[in-house]
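*Asks:* Residues per chain are reported as follows:
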Amino acid sequence: MFGQHFLILPVVLPLMAAPLCIIFSHRLFAWLLATLVSGLSFVISINLLLAALEQGVLSYAVGGWEAPWGIEVRLDAASAMVLSVVTGISTLVLIYAKASIETEIDTNQHTLFYTAHLLCLTGLSGILSTGDAFNLFVFLEISSLATYTLVSLASDKRCLTAAFRYLVMGTIGATFILIGVGMMYMQTGTLNMMDLAGRIAEIGGSRTLNTGLAFILVGVSIKLALFPLHMWLPPAYTHAPSAVSAFLASTATKVAVYVMVRFIFTIYGAEYVFHTMGMDLILLLLAIVAIFKCSFMAMAQSNVKTVLAYSSVAQIGYMILGISLASAAGLMAGLLHVFNHALMKGALFMAVGAVLYRTGSVDIKAFRGLGIKMPFTMAAFVIAGMSIVGVPLTAGFVSKWYLVTAALEQQNWLVAFLILLGSLLAVIYIFRIIETAYLKKPIESAANKDIKEAPLIMLIPMWILALANIYFGLDTSLSVAAAESASHWLAFSTLSEGGVQ
Amino acid sequence: MNLWSALDPSQLINLTILVPLIGAAAVVLLAKHPNWREAASITTAVILFTLVLAITEHTFNQVPMAVVWGSTLPNINIAFAVEPLGVLFALVASFLWIITTIYAIGYMRSHKERKQTRFFLCFALALSTVMAICFSANLLTLFIFYELLTLSTYPLVTHANTEAAKRGGRVYLGILLGTSVAFLLFAMVGTWVTAGTLDFTPGGVFNDTHSKGMVALLLVLFCYGIGKAALMPFHRWLPAAMVAPTPVSALLHAVAVVKAGVFSILKVVIYIFGIDNLGQIVTADLMLYIAAATVLLASCVAMTKDNLKARLAYSTVSQLSYIIVGALLATSVAAAGASLHIVTHAVGKITLFFCAGAIMVACHKKNISEMVGLGRQMPLTMIAFAIGAISIIGLPPMAGTWSKWYLVVGALEADKLIIVVVLTISSLLNVAYLLPLPIKAFFNRPGEKQPPWSWSEVNEAPLLILIALAVTTSACIALFFNPQPVIELINLIPGVSTEITR
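Sequence lines, in order, name chains A and B. Residue numbers for the first sequence follow numbering that gives the first Met the number 0, so the first one is 0 and each next one is one higher. Residue numbers for the second sequence follow numbering that gives the first Met the number 0, so the first one is 0 and each next one is one higher.
It is possible that some hints are incorrect.
As the list claims (entries may be wrong) - Capping the alpha-carbon separation at 35 Å, the derived lysine-lysine pairs in DSBU-like fashion look like this:
id, chain 1, residue 1, chain 2, residue 2
1, A, K451, B, K31
2, A, K440, B, K211
3, B, K114, B, K31
4, B, K111, A, K451
5, A, K440, B, K365
6, B, K111, B, K165
7, B, K31, A, K364
8, A, K439, A, K364
9, B, K304, B, K364
10, B, K439, A, K440
11, B, K365, B, K111
12, B, K111, A, K439
13, B, K31, A, K439
14, A, K372, B, K31
15, B, K304, B, K114
16, A, K440, A, K364
17, A, K451, B, K304
18, A, K440, B, K304
Derived from the structure by calculation, the hints contain no laboratory data. As the structure is a prediction and not an experimental result, all values here were calculated from the model.
Produce the complete structure using the sequences and hints provided.
*Replies:* Written as structure tokens, this is what we have:
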């Protein structure tokens, strides 16, 4: 009987653990508890993913109230896959954070960090597992509020303006989503996603629904930092503590991508959004501009965290590009990149965090000569960087392969070519850093002399992610199967049940 | 005399890829003991060569050899299979690796180069990827190891760690990664979407049901995507890579890397497009003329270069396009000439690079204008240079004669007289930019008087370098008098033959 309650555990466990961190207010205890809870959620998520791959959909009625009256927790392959990524990265980041936050967050705020992290995890897991549109908004707010706190925790005071900017933009986004959901409710009288899908299909197009869709898409685009609504992201990732950047870059925006997929494919239906409303072209154009503009921006930065932040916006472009192709193959490529990009960016931000821990700077000048002084950190950086570039045998290559295949299947040669051209820009901004680390002589100064390799507790999670980049480049059976079944299920559900013709 | 007869033939493929990796590990472990480290390098190279010899013997006996490592993408395996063209390239690369290692030891030590362990390590890694390229059974496998070869040679190019080396490395990586990602990967996905397979298939994978325009576009993408073949205008990386130490230039940029490029083009032409189908592809002629233009233009640029290595680099660009011309002429004889040219150009050009390095070590001279009268100090090196140059030009009694012969016959068979003209002019240009060096080295300026020559003037390169030179020059001559084994191997390639068909 306990079996079915598993579905809600990834949400409930961190939620219950979060206040404990504050109450006991003991750093080591908070770290242990947070890591344990997050690890447990990860194990549960993996089991849920395997179950979802087998059974299709897992559903759970909260409090025994059946949908559509009660709140439904609903996991399919897409949500279970992203849930596994989120909880997995969260666990690794928490292990890593123990050392990392020592230099970046004031000691008396460490327990606050763990609390906020757990609340953020609660919110993200909630978004992924809920089957209710309003509930999704609530969890989005939980995670966002926790995120604003996390960003502002850094001892570097510039994080406060970054966090405030993020707060303003994020709140606008959340409000838009709320307005959109309100309009859907106005027209259909329901908030359950499956119920919504059915009723929207019955009603057909109406002005209220169209306006609601517009509000939701704009709101979600702010949350996932789609160009040109990405301006909050680079400062936030730059000035947040490294552990927070690593966590947010590989989870928060991914979850927002999931929300977009959910609204487009499950609730409104791909037919309606892409063909009737013509969103595919708009998204495609924005995605391509995002890839190029932000890759160029990444090249011009001297702060390595900003480079990675702009690179994130560019990589989000690839995910949206996959979705905008409006085909099962494109959706699958987009989801696969959600997964793979989490691995790359997590490892990269962790490596940069390790450099910050040892050198006290993330300026590209601080990287000089680090190839010799911090060989393991930089090797992990190189592996993850190769993955961003899309070198074969890394996870990045697999995503790129599927994206290009999806574009060529539609005879869309130009888009396929632009995808590849975009990855060449990644070569430039990644190799600039690698070249500095390996070929430039370090600045000789007393402080620079005793730079050592990062502590093991930072290296281990970093290397797990770096090796995962190689593993998922070699053995794609799990990642591809999950993405395939997710996209199949999403595309199938819209074609058969939802969608307004 | 098969040392490896106890083994399952297919396992030999795994070993050729693994042995250099083990050698690389040994090099790292023995970093503190230079003599043992170098012994490890040479032993690995020799073992690798015997492995390739064993594979060659099996190939002549028509023993099929193939292994599958697993699949990274659904329905596409990382797989290896032996076919004669790959064996040919593997033979060249593994044999010259032994010689280059001997040479490199002499060069690196007398030049007191830094970071010799990293140097020998990257060398071994590069050879491992070359072996994987030789035996790859499908495009994806080829592509993967093609990229790894670029990455594993990048530290060799930037070895000197100077500003110039860094710039050279940037161009190297930029062009090679750029073309392969923008065009080759694109061509590969295009092939996958069009033909539904990436396997190298005798006779090609395309047929009449596939859109002609698509196949024509793919050919262009392949020719430019394989940037290592240095087809103009994507040839800049090759001169840029000459900042590397000379042994690197010798093996990697006269043999392994550039030949991996033209080898890939030959392989794609023979096993993806099919020689017989090539004639129907509209862009084949276009690419043929671009390659012919590269032959001439690169030779012209070579004449303007005073730096010896830069001149040799442009000469390589020109000679590589011979092979592309041979592949695109779409006749079996021309393809045979192209395959043979992989071998003959390799031995010829490596000799020239060895000489350039020897001069650098012994006399510290880089520019041709400074080498007047050098024959008095380095007679052996200069004789070797002359032999290599004659082989590149394609005159008897040197190996280059045969490949040029078959290329010309192939051009005639294809009724492309203009290609015959291009090849002839190119030979003349080769004479003009290669021979002046040994001539000036041996003969005085008119009117200038010098004391009679005596042994005391001789200031030759270290013995190890001379041994390497002796081997490659002998190979240049031996392959003229006995090209038969190589030609027999080439005749085993499906659709390729030295026999004139009409």
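*Asks:* If a hint holds in the structure, say so; if it doesn't, say that too.
*Replies:* These are the hints, each one checked on the structure:
{"no.": "1", "hint": "A:K451 x B:K31", "in the structure": "holds (23 Å)"}
{"no.": "2", "hint": "A:K440 x B:K211", "in the structure": "violated (53 Å)"}
{"no.": "3", "hint": "B:K114 x B:K31", "in the structure": "holds (12 Å)"}
{"no.": "4", "hint": "B:K111 x A:K451", "in the structure": "holds (29 Å)"}
{"no.": "5", "hint": "A:K440 x B:K365", "in the structure": "holds (27 Å)"}
{"no.": "6", "hint": "B:K111 x B:K165", "in the structure": "holds (20 Å)"}
{"no.": "7", "hint": "B:K31 x A:K364", "in the structure": "holds (32 Å)"}
{"no.": "8", "hint": "A:K439 x A:K364", "in the structure": "holds (9 Å)"}
{"no.": "9", "hint": "B:K304 x B:K364", "in the structure": "holds (15 Å)"}
{"no.": "10", "hint": "B:K439 x A:K440", "in the structure": "violated (42 Å)"}
{"no.": "11", "hint": "B:K365 x B:K111", "in the structure": "holds (17 Å)"}
{"no.": "12", "hint": "B:K111 x A:K439", "in the structure": "holds (21 Å)"}
{"no.": "13", "hint": "B:K31 x A:K439", "in the structure": "holds (25 Å)"}
{"no.": "14", "hint": "A:K372 x B:K31", "in the structure": "holds (20 Å)"}
{"no.": "15", "hint": "B:K304 x B:K114", "in the structure": "holds (30 Å)"}
{"no.": "16", "hint": "A:K440 x A:K364", "in the structure": "holds (10 Å)"}
{"no.": "17", "hint": "A:K451 x B:K304", "in the structure": "violated (46 Å)"}
{"no.": "18", "hint": "A:K440 x B:K304", "in the structure": "holds (32 Å)"}
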